[in-house]
Structures are given as C-alpha cells and as structure tokens.
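Peer 1: Sequence:
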Amino acid sequence: MDLIVFDLDGTLLNSTSEISPFTKETLTLLGEKGIAYTLATGRTMLSAESILEGNNFDLPQAYNNGVTIWDPKTQNLILENLLSDEEISKIIGLADSQGITPFVHAIDDQYYFIYHAAPGHQVEKELISTRYRNVKAKIFPIEALPANAQVTNISMIGVAEAIKPILRELRKDPNLIAYSGPAIEGDQYRWMDILHNKASKGAAVATIKNWLGATQIICFGDSENDLSLFQLADESYAPENAKDNLKEAASAVIGPNYKDGVAHFLRERFSL
Numbered sequence: 001m002d003l004i005v006f007d008l009d010g011t012l013l014n015s016t017s018e019i020s021p022f023t024k025e026t027l028t029l030l031g032e033k034g035i036a037y038t039l040a041t042g043r044t045m046l047s048a049e050s051i052l053e054g055n056n057f058d059l060p061q062a063y064n065n066g067v068t069i070w071d072p073k074t075q076n077l078i079l080e081n082l083l084s085d086e087e088i089s090k091i092i093g094l095a096d097s098q099g100i101t102p103f104v105h106a107i108d109d110q111y112y113f114i115y116h117a118a119p120g121h122q123v124e125k126e127l128i129s130t131r132y133r134n135v136k137a138k139i140f141p142i143e144a145l146p147a148n149a150q151v152t153n154i155s156m157i158g159v160a161e162a163i164k165p166i167l168r169e170l171r172k173d174p175n176l177i178a179y180s181g182p183a184i185e186g187d188q189y190r191w192m193d194i195l196h197n198k199a200s201k202g203a204a205v206a207t208i209k210n211w212l213g214a215t216q217i218i219c220f221g222d223s224e225n226d227l228s229l230f231q232l233a234d235e236s237y238a239p240e241n242a243k244d245n246l247k248e249a250a251s252a253v254i255g256p257n258y259k260d261g262v263a264h265f266l267r268e269r270f271s272l
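If you're matching positions, the sequence shown starts at 1 in the numbering used here and goes up one per residue.
There's no promise every hint is true.
Claimed, not checked - When the alpha-carbon atoms are kept at most 27 Å apart in a straight line, the in silico DSSO-like pairs for lysine-lysine are as follows:
#1 LYS24 with LYS247
#2 LYS172 with LYS209
#3 LYS33 with LYS209
#4 LYS209 with LYS198
#5 LYS24 with LYS243
#6 LYS164 with LYS198
#7 LYS90 with LYS73
#8 LYS243 with LYS172
#9 LYS164 with LYS24
#10 LYS247 with LYS198
#11 LYS164 with LYS243
#12 LYS90 with LYS164
#13 LYS243 with LYS209
#14 LYS209 with LYS73
Treat the hints as calculated values from the structure; they're not laboratory data.
Predicted, not measured: the structure shown is a model, and the values here were computed from it.
All chains should be built: construct the whole structure from the sequences, respecting the hints.
Peer 2: Structure, rendered in structure tokens:
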C-alpha cells in the first residue's frame, strides 16, 4: 500500500493558503482510485480544519510538526514529546527579553488552548484579532497557564532583529528545535515555532505508516521541517518554491505550489 503524505503550506496549498479547485479534484481522483493520502504539517489541528474540510482527509494525520497525531475515524488523539515546564519557562523568558509576545499552544482531550502575554506590537495584535479569534481555541492570558498543561509548541512573530537573537539562543539547547522564516505579514517580520527536539514529522509518519500497514511512503514538502519526512520516505518531492536544501534532498523537484505542482505531478504519476 502506497501512502502519500502532504505538507500543507507552500506545498499542497496555493499562494493564498487554500486547496485549489484543480488540487481538490485531484484528491477526489486519488480517492476514487483507492490511493491513500494524509498530511504532516506544522499547523495545529484547528488552523488546518477549515482548509481540509470536504477533501476526504480521513486517515491519521500529523500536526504541530509531529507532536500531535489525530485519527479522525476513531477520534483518537496522541501527544508525544511535549515541552517541559523548564523548557516553557526558558522560551517565554527569551521572548520577553526581546519584547516579543510568545503564544503557548496547549491541548487536552476536549479543547485547544492558546496562552499569551499582552501583545506589545501591532503585528501581534493583528495575529490575535484576525487569526486566533477565528479558531475554536480557548484563549487565556499567559499567567493562567497551568503547571500540568500539555504544551505542544510555542510560536511568535516579530521583526527579524528581535527574532534572530532568540533563535540563536534556542538552537544552543539540545532539547529544543526552532523553525523560523519570513512572515506573510510583511518582509520585516519573521515567524518562529519552537518544539521538543524529538518531535518530527518523520517520527509521526513512521507511527502512522505502522498503523496503516503502508509499504511505501511518497511525500511532498518545501521547508526544513520536512527533512525528517524526506529521510523516512521512499520517494520525496519538493516544489520549485521549496528551500534549496529540500530540493537537494528530494527524489525530484516538481512544479511550484502556486501552479498546483503537486496535483499535476500526481495526475501524471498515477495516471489520474
């Protein structure tokens, strides 16, 4: 059994972070042929929910760069490699030292939570009002973060001059991994996402592969957090817009995400 695994942003999604009509039709054709597919994303379950709706993503899925595995059929949630209290305190302290608001993401069997300090910059205020207020998360001040919270990751956004020193310090910690890149909010901003070093898309997909009895993994990704997935996969494909190290690691480079590169490749690869 082949199992296709998609990254979302920059890969399956187009430049407006949507599944295009052509890609949607391609997913339907995969389903009609009985070809299994799922996703492994840095997004949370909530931020991906509206994007995936109506596209038959029925198999177990990896979120938060592999910290969260969700099986929509059984409603089973697995959390692995959560951040410890000590790691959470360290990340929050580093963010505070640069005047950056950390967004602490936590989950339990029923709810998704976002804890944050008072935003100090307009870009942070807009993130809260436009993105976080539109998801089904319970939002609390960071002071309300309980000691036993199951924290999957901590994210932040800010000007590059503030984010880069935090990133340098975090990368000195062997227990943490931090991903960062340009933010869609503007060229002067960078986002950052921090999680436990043992968490990865590759590890989560290996678990899913075993559950499903898949024999071959075919994956698509565009960024650093997809490297572990590429290492696991039998075939790995990077869109033209991917980072150079992903293109070097890939089995082949395909068309860019903004031209439905993944969908065009799949139609040819599986004669859809």
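Peer 1: Now, for every hint given, state plainly whether the structure supports it.
Peer 2: Evaluation of the provided hints:
no.	hint	verdict
1	LYS24 with LYS247	25 Å, holds
2	LYS172 with LYS209	32 Å, violated
3	LYS33 with LYS209	19 Å, holds
4	LYS209 with LYS198	18 Å, holds
5	LYS24 with LYS243	25 Å, holds
6	LYS164 with LYS198	22 Å, holds
7	LYS90 with LYS73	37 Å, violated
8	LYS243 with LYS172	23 Å, holds
9	LYS164 with LYS24	37 Å, violated
10	LYS247 with LYS198	24 Å, holds
11	LYS164 with LYS243	19 Å, holds
12	LYS90 with LYS164	16 Å, holds
13	LYS243 with LYS209	26 Å, holds
14	LYS209 with LYS73	16 Å, holds
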